[in-house]
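*Asks:* Below are the chains, spelled out letter by letter.
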Amino acid sequence: MLSRVAENIYWLARYLERAEDTARLISVNSHLLLDFPRATSLGWDSLVNITGSEAIFDKHYDKRDETSVLNFLCGDRRYGGSIISSLAAARENLRTTRDIMPREIWEEINQLYLDTDKQVQAGINSRNRDNFLKRVIRSCQTVTGLIEGSLSYTQVRTFLLLGRHLERADMTTRIIDVRSANLLPRSPEELTPFENLQWMSVLKSLTGYQMYRQQVRLRVKGPDVLRFLLQDKAFPRAVACSLREMVQVLEALPRHERVQQVVDDLVKLLIAADVESLAAEPEQLHLFVDELQIGFNQVHGAIAENYFGATD
Amino acid sequence: MSKINWNNYAFNGFYDELMAAPGVPHPAARMLCEYLAQLDARELKEHKHAAEVAIQVMGITFTVYSEGSMIDRAWPFDIVPRIIPLDEWQRTEAGLKQRVQALNMFIDDLYHDQKVVKDGVLPKEILAQSVNFRPQCVGINPPHHIWAHICGSDLVRDKDGALYVLEDNLRVPSGVSYMLENRNVTKRILPELFATGRIQPVDDYCSNLYDMLAAMSPRPGDDPQIVVMTPGIYNSAYFEHSYLAQQMGVELVEGSDLLVGDDDCVYMRMVDGLKRVDVIYRRIDDLFLDPEAFNPESTLGVAGLMRAWRKGKVALVNAPGAGVADDKVVYAFVPELIRYYLDQEPLLPNVPSYLCMRDDDRRYVLDNLDKLVVKPANESGGYGMLVGPHSTKAEQKQFAELIKANPRNYMAQPTLSLSTAPTLCDGVVEARHVDLRPFILSAGNQTHVTTGGLTRVALTRGSLVVNSSQGGGSKDTWIVDVDNLDGALSPSQSQHQNQGGE
Numbered sequence: 001m002l003s004r005v006a007e008n009i010y011w012l013a014r015y016l017e018r019a020e021d022t023a024r025l026i027s028v029n030s031h032l033l034l035d036f037p038r039a040t041s042l043g044w045d046s047l048v049n050i051t052g053s054e055a056i057f058d059k060h061y062d063k064r065d066e067t068s069v070l071n072f073l074c075g076d077r078r079y080g081g082s083i084i085s086s087l088a089a090a091r092e093n094l095r096t097t098r099d100i101m102p103r104e105i106w107e108e109i110n111q112l113y114l115d116t117d118k119q120v121q122a123g124i125n126s127r128n129r130d131n132f133l134k135r136v137i138r139s140c141q142t143v144t145g146l147i148e149g150s151l152s153y154t155q156v157r158t159f160l161l162l163g164r165h166l167e168r169a170d171m172t173t174r175i176i177d178v179r180s181a182n183l184l185p186r187s188p189e190e191l192t193p194f195e196n197l198q199w200m201s202v203l204k205s206l207t208g209y210q211m212y213r214q215q216v217r218l219r220v221k222g223p224d225v226l227r228f229l230l231q232d233k234a235f236p237r238a239v240a241c242s243l244r245e246m247v248q249v250l251e252a253l254p255r256h257e258r259v260q261q262v263v264d265d266l267v268k269l270l271i272a273a274d275v276e277s278l279a280a281e282p283e284q285l286h287l288f289v290d291e292l293q294i295g296f297n298q299v300h301g302a303i304a305e306n307y308f309g310a311t312d
Numbered sequence: 001m002s003k004i005n006w007n008n009y010a011f012n013g014f015y016d017e018l019m020a021a022p023g024v025p026h027p028a029a030r031m032l033c034e035y036l037a038q039l040d041a042r043e044l045k046e047h048k049h050a051a052e053v054a055i056q057v058m059g060i061t062f063t064v065y066s067e068g069s070m071i072d073r074a075w076p077f078d079i080v081p082r083i084i085p086l087d088e089w090q091r092t093e094a095g096l097k098q099r100v101q102a103l104n105m106f107i108d109d110l111y112h113d114q115k116v117v118k119d120g121v122l123p124k125e126i127l128a129q130s131v132n133f134r135p136q137c138v139g140i141n142p143p144h145h146i147w148a149h150i151c152g153s154d155l156v157r158d159k160d161g162a163l164y165v166l167e168d169n170l171r172v173p174s175g176v177s178y179m180l181e182n183r184n185v186t187k188r189i190l191p192e193l194f195a196t197g198r199i200q201p202v203d204d205y206c207s208n209l210y211d212m213l214a215a216m217s218p219r220p221g222d223d224p225q226i227v228v229m230t231p232g233i234y235n236s237a238y239f240e241h242s243y244l245a246q247q248m249g250v251e252l253v254e255g256s257d258l259l260v261g262d263d264d265c266v267y268m269r270m271v272d273g274l275k276r277v278d279v280i281y282r283r284i285d286d287l288f289l290d291p292e293a294f295n296p297e298s299t300l301g302v303a304g305l306m307r308a309w310r311k312g313k314v315a316l317v318n319a320p321g322a323g324v325a326d327d328k329v330v331y332a333f334v335p336e337l338i339r340y341y342l343d344q345e346p347l348l349p350n351v352p353s354y355l356c357m358r359d360d361d362r363r364y365v366l367d368n369l370d371k372l373v374v375k376p377a378n379e380s381g382g383y384g385m386l387v388g389p390h391s392t393k394a395e396q397k398q399f400a401e402l403i404k405a406n407p408r409n410y411m412a413q414p415t416l417s418l419s420t421a422p423t424l425c426d427g428v429v430e431a432r433h434v435d436l437r438p439f440i441l442s443a444g445n446q447t448h449v450t451t452g453g454l455t456r457v458a459l460t461r462g463s464l465v466v467n468s469s470q471g472g473g474s475k476d477t478w479i480v481d482v483d484n485l486d487g488a489l490s491p492s493q494s495q496h497q498n499q500g501g502e
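Residue numbers (the UniProt record's numbering), protein chains in the order written: chain A, 1 to 312; chain B, 1 to 502.
In short, the hints are calculated from the structure, not lab data.
One or more hints might be untrue.
[Claimed, not checked] Computed, partial: chain A to chain B, Cβ under 8 angstroms:
#	residue
1	Met-1
2	Leu-2
3	Ser-3
4	Arg-4
5	Ala-6
6	Thr-96
7	Arg-98
8	Asp-99
9	Gln-155
10	Leu-253
11	Pro-254
12	Tyr-307
13	Gly-309
Where is the CB? At the ideal position from N, CA and C, for every residue including glycine.
Next up, chain A with everything else stripped away, as it sits in the complex (with noise of 0.2 angstroms):
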């Protein structure tokens, strides 16, 4: 396979998955809020820190409004985590890679994309949000199961799952970073009758709640929480899981020892954390995640150098 092929294909699953986990992160943002009283500091605003466009957003917008922040994340093209920008970016991957791809996979992106346009252009308005949303979330598992069911097992699957799990472990702690540092109580009895709620729409993000239940049997609590999301091994958007899995998918790959083991430092650093602590404390929290935000730029790194051949 091409590297500059194989780069295109891990950037259009790494450009999917960003679109749908944006959506998801849209979605249950909009239900939490109705639930919620007025006064609690809880807001559209807080989907602006999570993406970590703070900077570009205030440039254009005067208000962070629930108007203002959808069609930022939905439709703006100026901000490139959007929705659309998302969807452009994967369109445009996958078109100098129709050749190798499942002709489905093309048309199913294509259809989502002239959509998502259409929509956005007509506006994002919070009566018409949850069927935007969702289709987007569809579209995009549609993708997953046409990849799962038509695409062989060759270098493109492995390039493809790389992408993805990567951009999912990155979309994981950017929604524990934010999410929690809201939420985490400076001391225990600072409870707010809200927190529940909190945690559960951080689970809920992630689509992580039923699972949570399933598998943790506990009362929705901060370490529990942040245990499942970092450390567990089977839930599928769980850092250490997506991380997992790459170290698994890269056995594939020739000379693949050096990006395992980068891979490997990670997920030690993981298993390592004291999530009791880092619960309690958000600015050791928030360290954290800055450490595995690095680690995730020296994981992608390492894939670059080693298979998009970097310039000689």
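Chain B: place on chain A using the hints.
*Replies:* Only chain B this time, still in chain A's reference frame:
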């Protein structure tokens, strides 16, 4: 959409590819015309719709630029095939082989002894002013002395019914993927007619192309590593590049995927590491191939590629410099070249041509700009032309200036009465002008001509411009064995009865 009545088909004074006279098809087209005539309006509409759906589903597109962005347009396709009798095609095929053989000998001669100039057959000022002569290619010996491995020659039929060669495309001729896909679409919508077994198949092109490319490998015997090299997705023929790579099962590469090593071999960057490349079917112009040898600004090419080619470490198809014979002024000399190199009479005629570099010809051209088609020597895609009868006085004046300023760059031909073929336009079958582009593969010991070729059709009434970039469409081209048409009516009639019985 209304039912077809061939008695009402208007000829407008042109030779028609399907109809011999009102209501009377040529023998080879009888089966098709009768089949189409028995379709009712609804069925005809369904056939057209089926073709549109097939094109969309199969993803047959070509790329156009519009308002700064790139759009994939569905390939414009007419469901009524164009038909050529097998015996006529066999003569044409022989003529094309003869022509391409002479052209390859000519190119090889130009880059070696230039005997053709020394013997006074080609005026030396034509060579001196050729923009496609590449001094970088002098003295090089490509495998089997083949330079133009793939040639797309444009044929047109005049009102006398004879096929003429209009031009030879020796650089990066495109369209063959559409020829193949047109056949796939037609097979889906007119399966009954293919069941008769008289329509010659076209689908061996990609394996012939692969065999020809493999025969050029500098490492014969080994499993050659072949690639198709594209300028990228912004190129209008990207669909074709991708299609051919896919059909041959080879990598589709861009310049940035390749590098030339210290050993002067070409390698591609793979996930598994560097892999040596033996044959490059390049779909990128000479001047962008190698920034070391040609345009230093080119980011599409590969530094050192010409060095690798000169040392025989890699085959480039078509060879750089082959375009020297793809020049509308050189074109005028092709009949002479056939006589000179092969000592044979040309089997296929050229369109009579006036060379503006000759004083008498130029005077005639300047006096008759309103009647002639004037072409620049080195443009393709129908750009930069003056079609006299369709031009304004101002355009004629502009061309007169252009010709006087650079006579070597212009030639003119009489406006041909291009033949027509019935074409489904807005629900009615009307005559539209067509041409034909067959593709000729030269491997040295073997020459292969496509069965028919790509028929392009000017979809606008009265228009002579068939290029897809300028409102042209295309048709499937059938080579039909007329001699074996025993009881020609039976297939379509039995079809009729079957349908009636449902």
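*Asks:* Each hint needs a verdict: does it hold in this structure or not?
*Replies:* Status of each hint after checking the structure:
1. Met-1: Nearest chain B Cβ about 5 angstroms off; hint holds.
2. Leu-2: holds (5 angstroms)
3. Ser-3: Holds. Min distance 4 angstroms.
4. Arg-4: Status holds, d = 5 angstroms.
5. Ala-6: With Cβ-Cβ at 5 angstroms, under 8 angstroms, it holds.
6. Thr-96: holds (5 angstroms)
7. Arg-98: holds (7 angstroms)
8. Asp-99: holds (4 angstroms)
9. Gln-155: holds (6 angstroms)
10. Leu-253: Interface hint status for A:Leu-253: holds (7 angstroms vs cutoff 8 angstroms).
11. Pro-254: holds (5 angstroms)
12. Tyr-307: holds (5 angstroms)
13. Gly-309: holds (4 angstroms)
Against the hints set out earlier in the document, no violation occurs for any number.
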